[in-house]
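**Student:** Chains A and B, in that order, are what the protein sequence lines are.
If you read the first sequence in our numbering, its first letter stands for residue 1, the second for the next number, and so on.
If you read the second sequence in our numbering, its first letter stands for residue 1001, the second for the next number, and so on.
One or more hints might be untrue.
Computed footprint of chain B on chain A; a stretch qualifies when at least three of its residues, placed anywhere within it, have a C-beta under 8 Å from a C-beta of chain B [stated by the list, open to error]: (1) 2-14; (2) 32-39; (3) 161-168.
Keep in mind the hints are simulated off the structure, nothing from the lab.
A virtual CB, placed ideally from N, CA and C, is assigned to each residue, including glycine.
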Amino acid sequence: MRSFSYTRAQDVKKAVSEVSSHEDAKFIAGGTNLLDLMKYDIMKPRHLVDITRLEMKSIEETEGGGLRLDALVSNADTAYHPLVEERYPLLSHAILAGATAQLRNKATDGGNLLQRTRCYYFYDTTTLCNKREPGTGCSAITGYNRNHAILGHSQHCIATHPSDMAVALAALEATIQVSGPEGERSIPIADFHRLPGDKPEKDTNLAENEIVTAIELPKKGFARHYTYLKNRDRASFAFALVSVAAALELDGDTIQEARIALGGVAHKPWRKPEAEALLQGKEVSREHFQQVADAYLEGAEGFQYNEFKIELARRSIVRALMQAAKTDQ
Amino acid sequence: MEKNTIAPISKEKVTLTINGKEQQLEVEVWTSLLDLLREQLHLTGTKKGCDHGQCGACTILLDGKRINSCLSLAVMHDGADITTIEGIANGEELHPVQQAFIEHDAFQCGYCTSGQICSTIGLLNEGKAKTLDDIRDLMSGNICRCGAYSNIIKVVQEALERSRTA
Ligand SMILES: Cc1cc2nc3c(=O)[nH]c(=O)nc-3n(C[C@H](O)[C@H](O)[C@H](O)COP(=O)(O)OP(=O)(O)OC[C@H]3O[C@@H](n4cnc5c(N)ncnc54)[C@H](O)[C@@H]3O)c2cc1C
Ligand code: SF4
Ligand code: FES
Ligand code: FES
């Protein structure tokens, strides 16, 4: 690992000013992604601002009946929190489907959202990669692109976002609270991560030196009918090839509302509200779920080694919805 | 804006309680907990497998919770309480999980074993494993290249049963 300087921030304001006043500075929380990337010489911050002493470690109910997860709560403490388990079990399941017990104990909710892609070429510093070195080219497009995107990719980058947690947050329509040199703002999860376009080096719409302070979950938790379905190469401890966060609100057999977010298919968790709306007022049935799955994958475009993901995503949507509805008709 | 081409060698003082003993240490800020334990303190029971969070050989207990010491900076854990494999036995008396690893022959080369034992203790502290599937899932952060899994799982199962009746 390259050398760097280090400071420990005592409050959010200081953290922001520390990171703004040093060149090539980064926040560090659990360190499970940043240190990994620093050891590979992929991220090369020259200054680290330790934010783990900030008072952002609780989970509290909000006035509107939702829940606020502070950015420094660990992934494990979030997944096992009684209110999360009871009211947002989709989120618990998604978090527990990712990484390992050791990593989840260390990883924070803020860091989870900001973890970087698992594109093999991004990790291999002997290859060209626009995300790692802007303007050099993308090795994945013509290379081994098995874990890459089928939706929303660009000619500059076809990477996917690896977070499981973010996929559940997208289905739950969480908002991300941030604080920066310009003050505080909140960003809907749908606008937090971005598509690669011609700036694949930017994973999110977070402005420079902004810190994530909390994640806010709205009241509606879909605790009765939900599924997080994660397809991967082995049963545990692997990133998703395709994952689906599905949530339904049912009145008998009639669907009042459906939420579907896909992971492993794009540079951000993939939602398509106009496709979800097809289910509104419909009966629970495989046929209706298949129609939505087709609508979700419309326009999907695979590459040499990941073409299979299109059909996998379609079938995963149907299965996840069937499971969420608890039906096998 | 501060302009420095190379960051200066920066050392920080930290206080860590390691296996019950409080210690004042000076660490370079980029030193991982794993390197601190092995290189500076010669506690080599904690192993370095991958150095990237993928194998679990470096598992230690940080304030009672299992973590990967390879992906942790020592300087960030000033004030923490750390237990490594060297601190698990009670004097000459092995920890029941250690004893069970021997009785069940739950290793071959032994490289993963200290991590497996710390991870098992972490799993017991967490209290989330109920079924055999839970055990498999919650132990998946510890890879065993020798494939001693079936016996390792038996140890964890037995430890879990013992902790229920205790
Ligand atoms: C072997 C392995 C397997 C994994 N498997 C999975 C998996 O299956 N599914 C999954 O979803 N994840 C997986 N992960 C990723 C893991 O979830 C992330 O590494 C973790 O969530 C990152 O959180 P952290 O607190 O450690 O972040 P850090 O490493 O501390 O930070 C990550 C990034 O976020 C920035 N940052 C951190 N906190 C803030 C904040 N509050 N505000 C602004 N910026 C911030 C940092 O500057 C850094 O750029 C895996 C990781 C490893 C090592
Ligand atoms: S897909 Fe993106 S991250 Fe991967 S090589 Fe291409 S530019 Fe880099
Ligand atoms: S050495 Fe830390 S997980 Fe492999
Ligand atoms: S006993 Fe050899 S790696 Fe597990």
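**Student:** List, from low to high, the hint numbers that the structure doesn't satisfy.
**Tutor:** 3
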